[in-house]
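Mapping to the working numbering: the sequence shown position 7 is 7, numbers consecutive.
To be clear, the hints were calculated from the coordinates, so they are not data collected in a lab.
Don't take each hint at face value.
What the hints assert, rightly or not - In silico DSS-like pairs for lysine-lysine, Cα to Cα no more than 30 Å straight-line: (1) Lys54 with Lys33; (2) Lys33 with Lys78; (3) Lys78 with Lys122.
Keep in mind the model is a prediction, meaning the values are calculated, not measured.
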Amino acid sequence: MLAYLIEEDHILVSFIAGLRSPALTSIMGELTKLGDVWVAGAIAVVVVCFLIYKREIRSSVALMLCYLGSAYTVALIKDVVMRARPSAPIALAAERFGSFPSLHAALSVSVYALGIALILRKSHSRHRRRIGAFVGVALVISIGFSRLYLGVHYPLDVLGGYLVGLMWLYLGLRMSGRRG
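Can you build the whole structure from these sequences, using the hints too?
What follows is the structure, encoded as structure tokens:
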């Protein structure tokens, strides 16, 4: 079963590489930066400051713990699994660390999705919450797809990152006092 999934990973990455164009590559290169550990960390700090300003101390602590927890969880799993990344000509960029799971995918969930949920959770506007949910889901999907498009991850890596991020999202919602 695992061999089949790994084979499918290679087929999907090759298929996505066939969709490349200079304009789309430029867009994906910019999109993927949103999942970078430093960029996501800076965004987390901005959201934490906003939450502190709103006197949402538990939420601010939860978001920062989820950012750090996601990063450390991914680093630990990468050290254990040590999966090689796609290589040239599929990979458009060289990365230093293992492929599984994707840190960008994990941070997209644990920082952006959680941050949006924490900011909007007290909003009385159903419309704002729906827009926030749409933006959060769009960011998560776009950042994950950018990693596949650039050839620096396989689909299972991105799914693994999403699972790590979802685990921390759940914990963050619980830590902040939100159940759902």
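Original post:
Honestly, which of those hints from before does the structure not fit?
Top reply: Failing hint: just 3.
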